[in-house]
Amino acid sequence: MEYLSYLVATGISTGALYALVALGIVVIYKATQVVNFAHGEMFMLGGFFAYTFHVMLDWPYLPSFALAVALAFGVGIAVDRVAFRPLMQRQTLVSVLLVMIGLSFVLKGVARWLWGGKGDYLTFPPLISPEPLSFAGIMVMSQQLVVLGAACAVMVAFALFFKLTRAGRFMQATADNPKAAKLVGLRTDRVYMYTFGVGSAVAAAAAVLMAPLTLLYPDIGFMLFIKAFAAAVLGGLTSIPGAVVGGFLIGIIEQLAAGYLHTAMQEVAAFIVIMIVMIFIPTGLFGLGRMRKV
Amino acid sequence: MRRRYPVAALAAALAFGTGLAAGPASADVQMQGVTDNEVRIGAFGPFGGPVYLYGKLVMNGVEAVFDKVNSEGGVHGRNVVLVREDDNCKPEGAIAAVKKLAYDQKVFAIIGGACSNATLASVPELEKSGIPMVVNSAVADGITDPPKTNIYTTQLTSGVESRAQIDFALARGAKTMAVVRMTDAWAMARYNPLIAYAEEKGIEFVENLELGVDANDATPQALKLKGAGVDAVIMILYPKPGAVLIRDSLKIGSNPLWVGQTAINDFVAFEKQVGVPDALTNFVTITATAFQPSDPEVKDWTDRVKSLFPNDELSVFNMNGIGSAQVLVEALRKAGPDLTRDGFLAAMGSMDMEVDVYAGPIKCSAGESHQCNQHPGWLALEDGKVVKLQ
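Protein sequence lines, in the order shown, are assigned to chains S and L. Here the first sequence is numbered in this note's numbering, starting from 1 and rising by one per residue. Here the second sequence is numbered in this note's numbering, starting from 1 and rising by one per residue.
Honestly, the hints are just simulated from the structure, not real lab data. The C-beta atom is built at its ideal place from N, Cα and C for all residues, glycine as well. Treat the hints loosely; a few may be bogus.
What the hints assert, rightly or not - Between beta-carbon pairs, the in silico distance windows are: (1) 282(S) - 306(L): 31 to 39 Å; (2) 60(S) - 356(L): 49 to 57 Å; (3) 70(S) - 306(L): 51 to 59 Å; (4) 300(L) - 33(S): 35 to 43 Å; (5) 57(S) - 306(L): 14 to 22 Å; (6) 297(L) - 60(S): 49 to 57 Å; (7) 307(L) - 105(S): 52 to 60 Å; (8) 375(L) - 128(S): 39 to 47 Å; (9) 86(S) - 278(L): 32 to 40 Å; (10) 195(L) - 156(S): 33 to 41 Å; (11) 200(L) - 33(S): 54 to 62 Å.
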């Protein structure tokens, strides 16, 4: 029983990590109908921004955190201006996806150029004590609890943002029907721009929180993106609660597969989930595709 | 019939051209890349991608040595010039890089080879070209075993390290052992000789587990190791999965003897990566280098690397480049002012020297052992300080 408890508890804490990254993917997809394949690199950049301020320049944690998030917001807006908007004006969705993939490689190269040469895996100090804590008889890393709390907080904040604010409703309206949104006077291009900014900012916030656990290196983004994408697909690409639930489920599935089948399954579980979901429930657990068809 | 003339003419021209080329080339090739005031040395490895550390940073270390040698007047009055080629850590990239360096850039010798698979793939081309090669990062035994006339390595090979890992655990009295490994080419080059040596010694691993290179959690592996009650864990892991494994094992109160290898030989950095206080009390690791990058003994190299490459902090990757380049420069010196390929290879084949950064001496024996580094050093943490174990 202790064995199972450990696996589930760890799955939840690892799942929180995937959920936070998945949130950014879903927010951008929800508004633009585009999967941002460079989202993992936004995460990576956010982490390196914070590393630069907090570790290299020795600035305090909170200003470093805030500045990293703000810079990532700016990078997200730049991505919209440079890559997304010009291509979407020509309505070439495939080109946008290809450019996003290309962008992910460019950003990795830039990171190697700027932060490479300082060792293989860079460390980032944790927000709270690095000692593990006992939680209902199960030992967990304290930083994992921070990530778990942050995932829940960000999820609630986004839910409220989309429900209660004008900007959130604009995003929802643009996602549902961009042409209609334009016809009623919404500046959809601006909505897209802020969406990319917000998505990148969430990725950066996640990176700063997770960096003590994941370490920092230029290639950190890809595998996290794949896991988070699996979470988003499982939850339904348009659902914010779905991204969070999907993240937790992927985390738990990975742990159970590695714990009870074979440790090799830990790496491939997310890919298997993507395949199964795409075949049997293509709209995901909370997706809206089926409702639209009706 | 008329159509045969162009074909025949082309064949004749090719035969004539080849014949013309073959004569002088066989004489020139001995001094290819050598002029009165410089000797050109090639290097190949990845400039980018996840393993750029084994390419670009090692080359930076090589360049630091060449810079020092040149500032002191060169070797027999010749400046040593490094010509870099990117192989993208791919077999086809390494083959192309060797061809380019040997036939286009016409370098005298090559120093490098970062990725085992890529370097292994380039071996036939290296042998065909006859160009002297000093391997400084790739660890696969097959590159230099059986010995090839023109290829030597100054790096600890995977077989040497794997055997040392088991021997160390046995010497520490381990009765039950487990192995935790990645599954890429680098790891398999170590895993296969490890299993062969374990069989030879009659050792059966109680757990044989996998862990991904990007793993952020290793709780299932840690639980299995704890459940099996292992005394020692052989780690065939990069620093990140290694750090995650130790962190998650400590989390559940398990701390066997952890036996690492040269991929985890920056002890100070690794302790930070694990991120838990006093995490490395039971961790030992192999080092090819005699010092940690922060040690005062290598301060001169720290300063030189920093001045040449301001973005670099001296790392074990730089140090591997430094050690191998010192061996290459010594062979250039021993070969004398009338530098030839044969002279250089003869010097390499009888090399016996101490190097600033390696844990043990470099000893090569032409035709017998081209794996010139047989001395793994061991590092452990004692009273909060990194110490070299005897």
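When the structure is checked against the list of hints, which entries are broken? Sort them ascending. 1, 2, 3, 4, 6, 7, 9 and 10
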